[in-house]
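Can you join these two chains into the complex? Each is in its own frame, and there are hints to help.
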Amino acid sequence: MPTVTINQKSLTVPEGTTIIQAAEQLNIEIPRYCYHPGLSIAGSCRMCLVEIEKMPKLQPACNTRVTDGMVVTTQSPKVKEAVSGVLEFLLINHPLDCPVCDQAGECYLQEYYMKFGLHDSRMNENKIKRHKAEVIGPHVILDTERCVLCSRCVRFVREVSRSHEIGIFNRGGQSEIRLLPDQVLDNNYSGNVVDICPVGALTDRDFRFQCRVWYLSKADSVCNGCSRGCNITVEANRQRAHHGEGRRVMRLKPRFNKEVNRWWICDIGRYGYKFIDDPSRLIQPLEKQGDELEPLDWSTAAERAVGRIREAKQRGGAGSIVIVASPQLTNEDLFVTRKFFGVDLGIDQIDFRIPDKNTLSDDDFLLRADRNPNTRGAEAILLDGGGFDLQRIIESASTQSFGLLYLCEQDLVKKLGSEPARRFLGQFDYVIYQGSNENETSGLANLVLPAATYAEVNGTFTNFEGRVQRIHAGIEPLGDSLPAWRVICKLAQTAGFDYGYESAAEVFVELAQTVTEFEGLSYEKIGSEGMKLPETQPVPA
Amino acid sequence: MPELALLTHVQHRNLMTVEEYRQTGGYEALRKVLLEMKPDQVIEEVKKSGLRGRGGAGFPTGMKWSFIPKNSEKPKYMVVNSDESEPGTCKDRVIIEKTPFLLLEGIAISSYAVGSSTCYLYIRGEYYDQAMILKQAIEDAYRHGFLGKNILGSGYNLDVYLHRGAGAYICGEETGLLESLEGKKGWPRLKPPFPAISGLYGCPTCVNNVETLAAVVSIIQNGGDWYAALGTPKNGGTRLFCVSGHVKKPGTYELPMGIPLRSIIYDYAGGMKDDRKLKAVIPGGSSVPILTADEIDVKMDFDSVAAIGSLLGSGGVVVINEDTCMVKALLRIARFYAHESCGQCTPCREGTTWLKKTLQRVYEGDARQAELDQVLSIAFNMMGTTICPLADAAAMPVRSYIQKFRHEFEYHVQHKCCDVKPAVRI
Ligand SMILES: Cc1cc2nc3c(=O)[nH]c(=O)nc-3n(C[C@H](O)[C@H](O)[C@H](O)COP(=O)(O)O)c2cc1C
Ligand code: SF4
Ligand code: SF4
Ligand code: SF4
Ligand code: FES
Chain A
1 MPTVTINQKS LTVPEGTTII QAAEQLNIEI PRYCYHPGLS IAGSCRMCLV EIEKMPKLQP
61 ACNTRVTDGM VVTTQSPKVK EAVSGVLEFL LINHPLDCPV CDQAGECYLQ EYYMKFGLHD
121 SRMNENKIKR HKAEVIGPHV ILDTERCVLC SRCVRFVREV SRSHEIGIFN RGGQSEIRLL
181 PDQVLDNNYS GNVVDICPVG ALTDRDFRFQ CRVWYLSKAD SVCNGCSRGC NITVEANRQR
241 AHHGEGRRVM RLKPRFNKEV NRWWICDIGR YGYKFIDDPS RLIQPLEKQG DELEPLDWST
301 AAERAVGRIR EAKQRGGAGS IVIVASPQLT NEDLFVTRKF FGVDLGIDQI DFRIPDKNTL
361 SDDDFLLRAD RNPNTRGAEA ILLDGGGFDL QRIIESASTQ SFGLLYLCEQ DLVKKLGSEP
421 ARRFLGQFDY VIYQGSNENE TSGLANLVLP AATYAEVNGT FTNFEGRVQR IHAGIEPLGD
481 SLPAWRVICK LAQTAGFDYG YESAAEVFVE LAQTVTEFEG LSYEKIGSEG MKLPETQPVP
541 A
Chain B
1001 MPELALLTHV QHRNLMTVEE YRQTGGYEAL RKVLLEMKPD QVIEEVKKSG LRGRGGAGFP
1061 TGMKWSFIPK NSEKPKYMVV NSDESEPGTC KDRVIIEKTP FLLLEGIAIS SYAVGSSTCY
1121 LYIRGEYYDQ AMILKQAIED AYRHGFLGKN ILGSGYNLDV YLHRGAGAYI CGEETGLLES
1181 LEGKKGWPRL KPPFPAISGL YGCPTCVNNV ETLAAVVSII QNGGDWYAAL GTPKNGGTRL
1241 FCVSGHVKKP GTYELPMGIP LRSIIYDYAG GMKDDRKLKA VIPGGSSVPI LTADEIDVKM
1301 DFDSVAAIGS LLGSGGVVVI NEDTCMVKAL LRIARFYAHE SCGQCTPCRE GTTWLKKTLQ
1361 RVYEGDARQA ELDQVLSIAF NMMGTTICPL ADAAAMPVRS YIQKFRHEFE YHVQHKCCDV
1421 KPAVRI
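From first to last, the protein sequence lines stand for chains A and B.
Going by my numbering, the first sequence opens with residue 1, and the numbers climb by one from there.
Going by my numbering, the second sequence opens with residue 1001, and the numbers climb by one from there.
Only chain B is shown next, with the shape it has when bound in the complex (with noise of 0.2 Å):
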């Protein structure tokens, strides 16, 4: 067993109040730093311990804290981000259920890092029961002193609201959410301005990931150079992966950040279902593009995976036997984003419509053989263009499945049906 940084303590049970979580330490690191460190320590713990954002881009934590400005005339917003909605991703709700005062706690002492005393938890609609946990706990946190005025005689004071989204997938990119929590339709706003100088109601506003707040209690307890060192250079600690789809395991581990994707599948989620023979893998949510059986032994870790084409993104990893028609897969996957898309710019509204009336076609056997070509150049077209990368999450799929699994689109448009075996009639 690795060494663990989130679930160290629920591996077997579950730490539901705020006693059962002290007995194993927790909030000692909240202690430590209320009554020991200035915010910039904090700081400069994260940044030494290669902390990345665990909500899709990677993105060091200890920079973006420090971009928050240290003194601001407007009052300055934590936001959690625990919308959790990219496909095959199942990590956020793993901590709530679990362990919620480590959330609650990595709220507070990154609260106290930024300099904010008001932070909003913005949770996917879905998430209902998960949503009442939090509520309970944030009212147990508050009896016991580890929320409201005055946090453990320190002076420090945070308070901690809970907001339910309504069901959109857009409402995770950070200023969707943002928008969302200001009661809006949310639309992602055009940075710059970037939310760190000018986001929630126009203030000062750092939005995290529930599994990168929750990382950083361990980052304090135990240092950043232990958490560096639990990873791979510039990536530091390790990871909840949740495993999906075909495989005899499927479910969230947390493995440290580097481990090869091949350890994932056949160690810890016991191999092939059926043992059926592997076709594919998404390794970050159904946003990234897409791996073949050859690539995986990738080392999971931001910087390798994107070597290789593809992103670690949220950490959701789907497993594809050879019993999947790609093309279903990707007109599944292209529905969901033609779904989700704002509509607000004009190549992400039209585009992921388009692909997914032209996928369509392709896996009814109704098109053109020339018209893979014109999906891959729509998807071309799609992205770096737009406000926010929810088009380019939309199309970087579409390139890659097209030009991994050709084979199989073509067979479509040809023989108007699949060539998996059993072959599937359309």
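Next up, chain A with everything else stripped away, as it sits in the complex (with noise of 0.2 Å):
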């Protein structure tokens, strides 16, 4: 392996390494356009160069491997002058939009201006005008004098989504980024090309103009959106209320997970936030009243839901109670929901699968079929009892009639469809629902219990791979709404069993000690990569 020596550090690399990812691995940043670690090398930008001893030019570091002994530097005035002028071809041009562009902030003119440029502006000639503000598909605008030419957007469309609809055209200055004939820029991964875009020329259209960079905070989460459990990083405005309509969660960005995702997530899931702070928002506790849901408070709401309980339990004993939880919910809420009802209620109808009319598949890169983040862990925790098998009687259409369902997190009315989804709340007396959004399914519950999404809880999921990741809140419940683990907890505390947990750190304690699945894990363990359940069977598509 060889050794190399950048800025008198010196690292031994696996052959192959090339001087960027050595740098890297030392924490010397050489800066980049071009470069993006999960596409091919281009070369182009000349953003890297650096000087290596014995060579008498300056070298591309993204595309020259280390050799034993080499020694390089990013700091001599040779290379220096040689990025600062770089940075000045790549500025003459520009529009210095800043005030009005979106990347401002997060923008690599911007930065390694400021670090490498400095320079002042000599240009006397007009700049070129270009085409400002297309839009290029569903969810992308282009701004292309803004566009430094890197070509990962391109190389992205065709290495990663497969999808070829931009290239670069023309040659020399006039050469500009533009949409194929007659194409879109419509894949479910186009999303992706605004991440990688080092500047302002690709913008996302459902961020655009909503919020500056500066005011977002980030936690690092899960996408919910299937059951890849892309790595994300949910970002929200917590300054700043009167941006964006109000809305807290402003974008969701990918994360780096090497054995999940990489670098990218889907369209879906990454648009598909909108419902966490949708005004169908369910924010406290409902009762139904006549034809109205009329708000309740908690300790109301968790008596009459007890008493309800109670009441079939004692009637038509457990066999009239069926629990349906929720491939939504995190390992934690499942594990909670499986105690109180399970263990401490012994009600064994409990299941979480709902058999969905809409039949979805998966494509042939991130997105699965099974569009909920935490089949694996609901199979773990709630099945492995086995047994009960709810799509019988949804399937059956029995006329046989129960006291009490209690369900999480499920639109039964969309799944199943209107008609099968009335008569199969028909067959029970009183419906409990639990959830974060109201939906036609809600409006029939007798009792609405407020949850929290995924984005405001901390917790798990576990992917098809049954690897379990943690989720982190990065913004507060809405309203009176609860994490459901914290929900059922009530519940408990209401029915005389005080759990007594004071976070889903302290669930999970509880859950690795009695889900053999789980056996061993912790979240120190899991940590912001993952890991996996040992010896699981991936759940099928």
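I should point out that these hints are in silico values taken from the structure, not numbers from a laboratory.
One or more of the hints may lead you astray.
[Stated by the list, open to error] List of simulated lysine-lysine pairs, DSSO-like, C-alpha gap at most 30 Å:
1) A/K132 x B/K1357
2) A/K127 x B/K1328
3) A/K80 x B/K1191
4) B/K1357 x A/K78
5) A/K127 x B/K1357
6) B/K1191 x A/K115
7) B/K1299 x A/K57
8) A/K54 x B/K1234
9) B/K1416 x A/K129
10) A/K253 x A/K415
11) A/K80 x B/K1404
12) A/K57 x B/K1234
13) B/K1404 x A/K78
14) A/K54 x B/K1191
15) B/K1234 x B/K1047
16) A/K525 x A/K218
17) B/K1191 x A/K78
As structure tokens, this is what we get:
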């Protein structure tokens, strides 16, 4: 393995490592526009030039492999001059839109100009005018004046999404990013080009003019859009409630995870966060009075729920109660659900599997047909007893009647269709709905308990490969809504079971001690990259 | 008349059929190679000859061939660079028009030497007539068994495919050419890997200029030592010098390497037209630094021209008289490179356009004196920092023109007109 010295610091790296990669490990910043670790090497922006001992010409760090004994500097006058020269070239035709550019604050022209440029403008020619603010797809806007022609977006649509919608047209100073004839940048991964564009040339229509990036807080989380469990950052606007129409979550960004999603997320996941701040959010408990749902406070609601559960149990036994949990819930939520209803109340009829009439499919990249983040977790936690099969009840359309249904975070009307959902719900004397948003199903419930969304809670999801990954609350639960496990704890306490959990972390400790498949796991071990359940079989698609 | 290696039999007529070509000893070299020599022996002979690439860079040809891996699981390709786009250069076409089979024989010998059975001949799109000549010649060679299967009963097979370019200078750069051949946009590739290891379709590839390959025939016929002795040390053989500009007899001359530039201009090209005074000479195509009238005693071989700060390049000798405005000449060249930059590298894409615009204003007298130094600094920032040498090719003339003829540039800026007589009003 070769040893390289960069700016007097030495490092031994595997054969084939490039200088830019080695420098990263040494925490030495080499500026770059075209280089992106997830794409092929273009070597064209020439920002990463470094000086190598015994080589007369500067070399691009992104395309130069380390050899043993190589001595590199990124700080010599020659390098500095070349890099600031390249920056100058990039800026001569740049429109300097910063005050109206969404990228400001996370723009690599701004950043590198401060670090490596700081030259005075000596451009006396008229700047080249080009296409501005062109809508090139459902999610992306292109401003070719801001483009530095790094070709990252082009390589992305060639190599990652393989959808080939854009290319660089013309040559020389006329070069321009354009859509190919009759193409629209419309693929399920289109939002990624915004992330990888180092400048404000590709911006997100969804985020455009909503918020300055320096007002955003960031929380590490996991997408709830499907069972892949792509790692994301939830970016919320905490300070400026008047921006973005009062929306708190402003955008989701992919977070690198080598084993799961690498640098990418799909558009379904990326833009699937709107429900979090939607007016349909349930922000207080509600009870049906005639045709209307009337607000309640939490203690009344909990008493009502527990009272109804007791009543049903007294009248028809545990067998008259059905609990439908959800693969949208965290492992912690599911564990407390099982503990309360299953262990402490002795209810066996717990399931989470609702047949979905909308057949969905995998794409050939990240998106999975199972659009739930925690099916694998729900199986491990809820089904290890086995036995109860909700699907049979639903599909048999029996007229058997039950006492009570406790339904979590599932829109039966949407999944089953209106008629079958109403028929199923009609089999129960009393329906309690626990969820984050109002929907047709919640409208049919007798009691509605407001739950927080995944962006508002700490916990873990288990993806289809059995990888347990942590999510962190980026914002507070809206209104009086509570994390699902806290809702259940409230009911449990009202029923006389005091679990005493202070946090999701405490729930997980017990979960790991109780559920066989989770044995030995802890938040520390899971870390920021997740950890696989030992010996798990992936869920079939 | 000095001894020739290329145009030996075509001073007074062209050899357009296999029969005509064979009557002058054509294809004897190929027979010798295929029946008597091993590929390595051919490479050795070429190394001995001191032949250096005639495409512009002057890389030793024998050495280039020895970089092609001997044992390759992938096919190996021979690619002939006949893009001939360097302004001032018109030599490949002379070979094609006068003696196309010399090229085809050279191709066959060279392909055998590097172990290739497939050759692509990339010819610039504007050379339509020349492409038709080659098309016929290739067909003729196939008919006579000098291409195709089992050539001369040796068991060696070779197919040659003709490919016409679409009019981009950058497709003369060998990796831009390979991209273009593959049907892609002509963007030069990052090196490494070099074509010898990973070229056309990712396979080992040897790219050579037309004149280079044609020269190989006489090296085999007469021996490497003979060829080397025609030129100067490390600069074997003869060269086709394409003389244009203000001379009495412009044309392409085959002359020994190392011949003084003065002799090319005065002994062969007939001296200055209308007996105007010589001002400057571009010795090797538009990309190279310019020489002043005082520098024409230089010997025209790669090393001697490099020693005085220019390059022998493609052999395009452009002779410039005293009536020429050097500002306008440079502007013309700057426009060419701005138009031809492929645009992937930042310094080249932005620099060539910036230079063009600023030089336009200098020419029009609409610039400040200080901008001349700015132009020099832009050119400096373009040099040695890009994927291919086009950026250097654009920057080198700028630097040399302004350094050597600064007074003309200053005159434009100060007086809004030329100081060449008769003064040109702008
Ligand atoms: C911008 C540019 C244009 C070039 N154009 C040509 C050309 O038209 N013909 C050519 O033979 N070589 C051209 N070359 C040189 C080729 O890249 C390559 O060096 C040559 O084809 C190798 O052949 P040789 O070794 O026989 O000279 C060009 C190089 C550059 C950088
Ligand atoms: S649009 Fe952005 S990513 Fe695409 S080439 Fe331009 S700067 Fe690069
Ligand atoms: S692939 Fe699935 S987990 Fe990943 S971003 Fe899309 S919906 Fe979310
Ligand atoms: S130097 Fe110019 S022509 Fe060559 S690859 Fe770079 S941009 Fe293209
Ligand atoms: S990052 Fe290396 S050339 Fe662009």
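* Which numbered conditions among the earlier hints are violated in the structure presented, ordered from lowest to highest? -> none
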